[in-house]
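A.B. asks: Listed here are the chains, written in short residue letters.
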Amino acid sequence: MSRAVALFTYRLILRIHPATFVARFGDEMLWIFEEECQRGAAGRLLFDGIVSLLRQRLRVQEEPAHASRGVGVLVSDSRMSLVRLFQGWVMSSLLFAGFALLLNRGPFPVAFRPTPAPTCMPCALPPLVPPQTSLPEILR
Amino acid sequence: MASDSKKSPPLSSATLHILLALAGGDLHGYGIIKEIARQSEGHYRMGPGTLYDNLKKLMDAGLVADGLQSVSPNEEERRLYSLTLDGRSTLSAEVDRLQNVVKEARLRLHERKPRRA
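As they're listed, the protein sequences go chains A and B. Numbered continuously in my numbering, the first sequence closes out at residue 129. Numbered continuously in my numbering, the second sequence closes out at residue 175.
Note that these hints are calculated values from the structure, not bench results. Don't take each hint at face value.
As the list claims (entries may be wrong) - Each pair of labels, with its calculated beta carbon distance range:
no.: 1; chain 1: A; residue 1: Ser82; chain 2: B; residue 2: Leu165; range: 43 to 53 Å
no.: 2; chain 1: A; residue 1: Asp16; chain 2: B; residue 2: Leu167; range: 40 to 50 Å
no.: 3; chain 1: B; residue 1: Glu133; chain 2: A; residue 2: Ala86; range: 35 to 45 Å
no.: 4; chain 1: A; residue 1: Glu24; chain 2: B; residue 2: Gln127; range: 14 to 24 Å
no.: 5; chain 1: A; residue 1: Ala86; chain 2: B; residue 2: Arg164; range: 40 to 50 Å
no.: 6; chain 1: A; residue 1: Ala12; chain 2: B; residue 2: Arg146; range: 22 to 32 Å
no.: 7; chain 1: A; residue 1: Leu19; chain 2: B; residue 2: Leu165; range: 40 to 50 Å
no.: 8; chain 1: B; residue 1: Leu167; chain 2: A; residue 2: Gly32; range: 48 to 58 Å
no.: 9; chain 1: A; residue 1: Ala86; chain 2: B; residue 2: Leu167; range: 40 to 50 Å
no.: 10; chain 1: B; residue 1: Glu169; chain 2: A; residue 2: Ala(-7); range: 56 to 66 Å
Glycine included, each C-beta is placed from N, C-alpha and C at the ideal position.
Only chain A is shown next, with the shape it has when bound in the complex (with noise of 0.2 Å):
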């Protein structure tokens, strides 16, 4: 994967984050990846990434109060609802899934070969031909 496209799905994973912690920790999160990415690490820190999206989702479910606005496309009021916590579920295995993809080792195959169509047994086989040959003397 490219660092520009791991720089674009990193910021991606950020603005989903509740707008508080992004204002807080947005530039440093994203300073940090740009240094650890020159050492190989963008698998990891995506992954990190929505974990942490996670996390602070569930955090905001239990603690309204601090959720006053929302910057990302989950979250229009302070309430959290089972509902938007799927929503947030789905939107992760999607980004996760996208990553996996990328990266070529996820839970999908690399490549789909079509399997070669079964041998039939029996048709391989010789076909059954009566013995040409005459019982022996000895048996008539």
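Following the hints, put chain B in place on chain A, whose structure we already have.
C.D. replies: Positioned in the frame of chain A, the structure of chain B alone reads:
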């Protein structure tokens, strides 16, 4: 101190590492990550999500404080995190608790010698 360790629950691994990193001096976020990696000899490389999630909890609890400071004159201001007095006593209580755990574990291991096969 013993009473403190009885009152407060055990710290999580991430929290303990952050407090331990800050015990040596004030650090910015990336400095904390690098210090934790150094202390754990590279075995534990904390991500920014985990770091700031825990830092937020620690600041809300009054164990860590933050402030904008310039690391050097040419660089822009960075937010530095420092251990408060409460944070230091919490870390001290956790270290005491861990010492008791280690002491108990050593005692048990010496009491019960492994059987010969």
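A.B. asks: Next step is simple, just say for each hint if it's right about the structure.
C.D. replies: Right, here's what the structure says about each hint:
The beta-carbon spacing between A:Ser82 and B:Leu165, approximately 47 Å, falls within the hinted interval of 43 to 53 Å. Checking the proposed 40 to 50 Å range against A:Asp16 and B:Leu167 shows it holds: the Cβ atoms sit about 48 Å from each other. Look at B:Glu133 against A:Ala86: about 39 Å separates their beta carbons, and that is inside 35 to 45 Å. Distance hint check for A:Glu24 and B:Gln127: the Cβ-Cβ separation is about 19 Å, which falls inside the suggested range of 14 to 24 Å.
Between A:Ala86 and B:Arg164 the beta carbon distance is about 47 Å. The supplied range of 40 to 50 Å therefore holds. A:Ala12 and B:Arg146 have their C-beta atoms about 29 Å apart, which keeps the hinted 22 to 32 Å range intact. About 49 Å separates the C-beta atoms of A:Leu19 and B:Leu165, a value consistent with the hinted range of 40 to 50 Å. Between B:Leu167 and A:Gly32 the beta carbon distance is about 39 Å. The supplied range of 48 to 58 Å is therefore violated.
At about 46 Å, the beta-carbon gap between A:Ala86 and B:Leu167 stays in the expected band of 40 to 50 Å. Taken as a hint, the range 56 to 66 Å holds for the pair B:Glu169 and A:Ala(-7), whose Cβ atoms sit roughly 59 Å apart.
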